[in-house]
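Participant: One letter stands for each residue in the lines below.
There are 2 protein chains.
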Amino acid sequence: MRPKIYLFGDSITEESFGVGGWGSSLAHQFSRTVDVVLRGYSGYNTRWALKVLERIFPATAGGGEDAPLAVTVFFGANDACLADRCSAFEHVPLDEYKQNLRAIVSFFKKRWPKTQIILITPPPIDEESRLQYPYIENPNGLPERTNEAAGNYAKACIHVAGECGLPVIDIWTKMQELSDWKKSYLRDGLHLTEAGNRLVFELVVETLREGGLSLETLPVDLPLIAEIDPQNPLKSFEN
Amino acid sequence: MRPKIYLFGDSITEESFGVGGWGSSLAHQFSRTVDVVLRGYSGYNTRWALKVLERIFPATAGGGEDAPLAVTVFFGANDACLADRCSAFEHVPLDEYKQNLRAIVSFFKKRWPKTQIILITPPPIDEESRLQYPYIENPNGLPERTNEAAGNYAKACIHVAGECGLPVIDIWTKMQELSDWKKSYLRDGLHLTEAGNRLVFELVVETLREGGLSLETLPVDLPLIAEIDPQNPLKSFEN
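So the sequences go chain by chain: G and R. For the first sequence, numbering that gives the first Met the number 0 begins at 0 and goes up steadily by one. For the second sequence, numbering that gives the first Met the number 0 begins at 0 and goes up steadily by one.
Bound-form chain G, shown alone (with noise of 0.2 angstroms):
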């Protein structure tokens, strides 16, 4: 059986599988080591996300044997949506946020001790773009979500990573290294053009790698067609 690893999160884990999507990008790059799988959840925050943990991922009679080499979590974009704006059901306070974290972490340490639990910040948030390309209606004009709010979310989450001795994607501030941020990287404001899910591969791909996961170093699922032996092929499929 093939390994797997879990991406769970919210609508930018949703969406990840579109064209040149951070998840599509996993699964092609590790297209013959790894099946990754998709568990992004559109519009959810953490409180949600933990009522429905058990329901995403039952336990087996298999008691950990399927237990995947990696699951990143990614949540908090939903969370940091202010509390008096439009997207108000959504919202999560601060000490709440974490709490939450923290229980999901647990949660998954609990079910699969060895697994890889790779934690990511919110991104950034480009306030014009987000009135821009309303969600939903938005009567009062004022963005429902800000950028210093969604730092204090990703400062949240950073935090509860070094508690919990997890490493964790801080593309909060990783983005907005870049002058353009806001229109190379995000597509209306919060969710990611191609260079942001470029950009989010690529330090998915570093991350694992400095927990030990990368193609040099995970078995191949039968033999690549540069090891077998023009002369004699079928030798590389006798067991």
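Wrong hints could be hidden among the right ones.
Put simply, identical chains are the same to the list, so a pair is met inside one copy or across any two.
The calculated lysine to any residue pairs, modelled on SDA-like cross-linking and capped at a C-alpha distance of 25 angstroms, are [stated by the list, open to error]:
| # | residue 1 | residue 2 |
| --- | --- | --- |
| 1 | K97 | R54 |
| 2 | K50 | R1 |
| 3 | K181 | Y134 |
| 4 | K50 | P229 |
| 5 | K181 | G19 |
Derived by calculation from the structure, the hints in this document are not laboratory data. Nothing here was measured: the structure is a model prediction, and the numbers come from that model.
Go by the hints and put chain R onto chain G.
Facilitator: Below, chain R without anything else, positioned relative to chain G:
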């Protein structure tokens, strides 16, 4: 547990999670309903596929409980390599190709009686591009694949599908309906461009739909954001 669709084939399947690939497009289309699982093996023909079928799809204790909704079987491009040219070691005679396809279908029908099996023919070949983009040393200067040979394998695939009562996607014919098929659909005379990938994706979606599998019929994994009551979001997550 979310149901699966397996993509089983050669390099045109293995690389289907590249940018705009037909595999990633399927995973994107079914992002909340189905796990699209990649089982593509570059360079493989039906003879080798048959040798490793049991290893790729091992019998599980579940006894068919883990049956996928569908499996695409997409071989023939390598079988159709000519027996007297540089990639001869991948060649499989036409009659054996048919026999191997029948055996692969029988295997799946026996293991998973309710699974939708979709055969896909090899694509057409642009011989000029095959000389321009050689995969291995080609000292005699003749293309290792011809469009005529690929067409014979496509017809054989359609024949086997008919015998077995299975749907078949005849991309050999479909692609050639476009006058500019050589450049529009093929990158190197064999593998697919983004437009070629798009065509295969659309034909697979159409075939799945004819077999009863579509976004309209498949159950969604957890409530969609549009179905969640903003006044009482947690109500959606009660069991």
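Participant: Indicate, hint by hint, whether the structure satisfies it.
Facilitator: Going through the hints against the structure:
With identical chains, the CA atoms of K97 and R54 are at most 25 angstroms apart within one copy only, with a shortest distance of 22 angstroms there and 43 angstroms across copies. Only between protomers do K50 and R1 lie at most 25 angstroms apart by alpha-carbon distance; the minimum there is 18 angstroms, versus 29 angstroms within a single protomer. Taking identical chains as interchangeable, the C-alpha atoms of K181 and Y134 lie at most 25 angstroms apart only when both belong to the same chain, with a minimum of 18 angstroms there against 41 angstroms between chains. In this homomeric assembly, K50 and P229 come within 25 angstroms of each other (Cα to Cα) only across copies, at 16 angstroms, whereas the closest approach inside a single copy is 54 angstroms.
Within a single copy, K181 and G19 get their C-alpha atoms as close as 18 angstroms, and across copies as close as 24 angstroms, so both meet the 25 angstroms cut-off.
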